[in-house]
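**Q** Sequence:
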Amino acid sequence: EILMEQEDSYVMVEVAVTVIDIVSGRSTLGNVESIVDNLFSYAVHTSNANKCKLKIHDGDAARILKKTVMKYVKIDDRWRSLCSVLLKSKAYSEYRFACEESSSSSSSDDVPQSINSKRLPIFELPRTEYGKPFIETPKKNIWPQSSAVAPPLLSVSHHGSFVTMATLKDNNPKSSILMGIDLVVIDARPKEGVQTFLSYFSSVFSPKEWRIITGQVSPLQKMREFFCRWALREAYTKALGVGLGMDFGSFEIDCGGENEAWKLCTSCCQGPNVKRIKIIHPKSNEQEWKRKAVEYWDCVLFFADDVDGKNSIAEWSDRSVACLCVGPVPQSQPHSCFTLDGPIQLSLTDLLTWHSAPTYSTNPAIK
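Under the working numbering, residues 49 to 415 are what the sequence shown spells out, in order.
A portion of the hints provided could be inaccurate.
What the hints assert, rightly or not - Here are the simulated distance ranges between beta carbons:
1. V71 / N307: 33 to 39 Å
2. E363 / I112: 38 to 44 Å
3. S365 / D125: 21 to 27 Å
4. K338 / Y120: 34 to 40 Å
5. K311 / P238: 21 to 27 Å
6. Q335 / Y178: 17 to 23 Å
7. Q381 / K115: 43 to 49 Å
8. G304 / E363: 39 to 45 Å
9. D295 / S72: 33 to 39 Å
10. R237 / E300: 25 to 31 Å
Simulated from the structure, these hints should not be mistaken for laboratory data.
Nothing here was measured: the structure is a model prediction, and the numbers come from that model.
Virtual Cβ for every residue (Gly too), placed ideally from N, Cα, C.
Produce the entire structure from the sequences given, and follow the hints as far as they go.
**A** In structure tokens, the structure reads:
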């Protein structure tokens, strides 16, 4: 979990980061088609769940979710998509649980699918025009206790063998704090060669950033810097809710004294390495995206494949690196505005079991 402390006019927010390894233990679970057919036989779109009891079958939601997963040809892509769906569904269920617990007078009629249910629906979340999933605030006249708990902010990313989700809990609707996460795999040996691969992205970075990337000594170091800077960019734009909708070449990321983005990366087991970065926008972005000319964000890059600390931080090739960005924050704030504890690593079995036989109140590993 990540705690963000803000003094004076700022609030404390909590961000839970979860990492799923889609490969470990998968061979014992059967094929993804059968799992999808079973799980999605009980699917509900959250717009319906916010209006009525959950003990229903939403055929449209089931078809949409099944298509979301099965449209991919490669098996790994299907598993990544399935994990993404289940993580977002889990976040929605936990939000309902929090609302239920916040109301001492709530009954099973208030929130039909209670914590002790033997099976939870798979919830389909709505998306913004830029594709960002979000949890809607239920109507108060239908779900009265929801007014006590604001919906959390979500950010999901997947690449290679891992899927990760960050959830900003106790979100204050009046706060300007945003959060985004991105996950990359450092491919040190692209098929077309490092120089050719990098040439495709020369317009994505500012001239200063490009000099830092291409100025690295070895091909591996160039790719390491490229992917870390890409993760920073995507985590930031995902926090804004626009992702690739914003031209990556339209702003500059200044990593401060570290200069090189890869130096921001830390092994989870070694504790947090939260750093403040500066985002520099041209006037066009100020007008189009309503961004300030200069913004300050706090971020951390960590090895998603190093939750247990078994991998050496010196090894970079084919490593999975996640970047979490939270902000904007005042430049004058003297200390890091969030600390990193975690992330929590779940297995595929944990995630599947959580929906088919929830143990939310008894198993701390999957709370």
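**Q** Now, for every hint given, state plainly whether the structure supports it.
**A** Do the hints match the structure? See the list:
no. : hint                    : verdict
1   : V71 / N307: 33 to 39 Å  : holds (35 Å)
2   : E363 / I112: 38 to 44 Å : holds (40 Å)
3   : S365 / D125: 21 to 27 Å : holds (22 Å)
4   : K338 / Y120: 34 to 40 Å : holds (35 Å)
5   : K311 / P238: 21 to 27 Å : holds (23 Å)
6   : Q335 / Y178: 17 to 23 Å : holds (18 Å)
7   : Q381 / K115: 43 to 49 Å : holds (45 Å)
8   : G304 / E363: 39 to 45 Å : violated (25 Å)
9   : D295 / S72: 33 to 39 Å  : holds (37 Å)
10  : R237 / E300: 25 to 31 Å : holds (29 Å)
Checked against the numbered hints above, the structure breaks only hint 8 and satisfies the rest.
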